[in-house]
Amino acid sequence: GQAYEAMNNAGYLDANLVVVLNDNKQVSLPTATLDGPATPVGALSSALTKLQASTKFRKLREAAKNITKQIGGQAHEVAAKVDEYARGMISASGSTLFEELGLYYIGPVDGHNIEDLVTIFEKVKAMPAPGPVLIHLVTEKGKGYPPAEAAADKMHGVVKFDPTTGQQFKTKSSTLSYTQYFAESLIREAEVDD
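Quick note: the sequence shown, position 6, residue 32 per my numbering, numbers continuous.
In short, the hints are calculated from the structure, not lab data.
It cannot be assumed that every hint is accurate.
[Said to hold, decoys possible] Okay, derived cross-link-like pairs now, DMTMM-like style, lysine to aspartate or glutamate, Cα gap no bigger than 20 Å in a straight line:
| no. | residue 1 | residue 2 |
| --- | --- | --- |
| 1 | K198 | E217 |
| 2 | K151 | E166 |
| 3 | K151 | E88 |
| 4 | K167 | D188 |
| 5 | K169 | E215 |
| 6 | K85 | E125 |
| 7 | K95 | E125 |
| 8 | K149 | E210 |
| 9 | K85 | D40 |
| 10 | K149 | D188 |
| 11 | K151 | E175 |
| 12 | K151 | D40 |
| 13 | K95 | E141 |
| 14 | K169 | E126 |
| 15 | K167 | D49 |
| 16 | K167 | E126 |
| 17 | K149 | E31 |
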């Protein structure tokens, strides 16, 4: 909620800032689809992402928008739909949502490809007054640390652990967690409720 509010305000204020969305497919609750996540991979995806970050692409896109605004009416609406469709083909990850919030969307980008990241950040930095830019990074939780790669779900919010094996040393708390306390309180209230 807070991240959404911040993006909404950044777009409204047209602030010059870079938002990095670290998409590591991790949430607090277990989620999955039958087919699993579909992320673009390979040279074509990388090239298209770099294209989106390029100054020439952005200038061409802005020039096209200005021309169709001058033509007006239906031509502008058609051009906007073509632009939205083309960007959807480049990135079928919901870029329209971010653009509706006023953020220029770049991605998805392989968050583990340092060379591409440096290139993209340099190009964004060189943009003259770009307004808010969102760079969508796709990463793998625990990348480069074998125990975390083997069990990313168990390496979320870790306690003290052995860095060699990844084994966590969980201690049983003598106090109730907030959730346990809340549940027990509700049960007590329900028992006396007529």
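Right, here's what the structure says about each hint:
no.: 1; hint: K198 x E217; result: violated (28 Å)
no.: 2; hint: K151 x E166; result: violated (26 Å)
no.: 3; hint: K151 x E88; result: holds (18 Å)
no.: 4; hint: K167 x D188; result: holds (18 Å)
no.: 5; hint: K169 x E215; result: violated (46 Å)
no.: 6; hint: K85 x E125; result: holds (16 Å)
no.: 7; hint: K95 x E125; result: holds (18 Å)
no.: 8; hint: K149 x E210; result: violated (55 Å)
no.: 9; hint: K85 x D40; result: holds (17 Å)
no.: 10; hint: K149 x D188; result: violated (40 Å)
no.: 11; hint: K151 x E175; result: violated (32 Å)
no.: 12; hint: K151 x D40; result: holds (16 Å)
no.: 13; hint: K95 x E141; result: violated (37 Å)
no.: 14; hint: K169 x E126; result: violated (32 Å)
no.: 15; hint: K167 x D49; result: holds (9 Å)
no.: 16; hint: K167 x E126; result: violated (29 Å)
no.: 17; hint: K149 x E31; result: violated (26 Å)
Hint compliance for this structure: hints 1, 2, 5, 8, 10, 11, 13, 14, 16, 17 are broken, all remaining hints hold.
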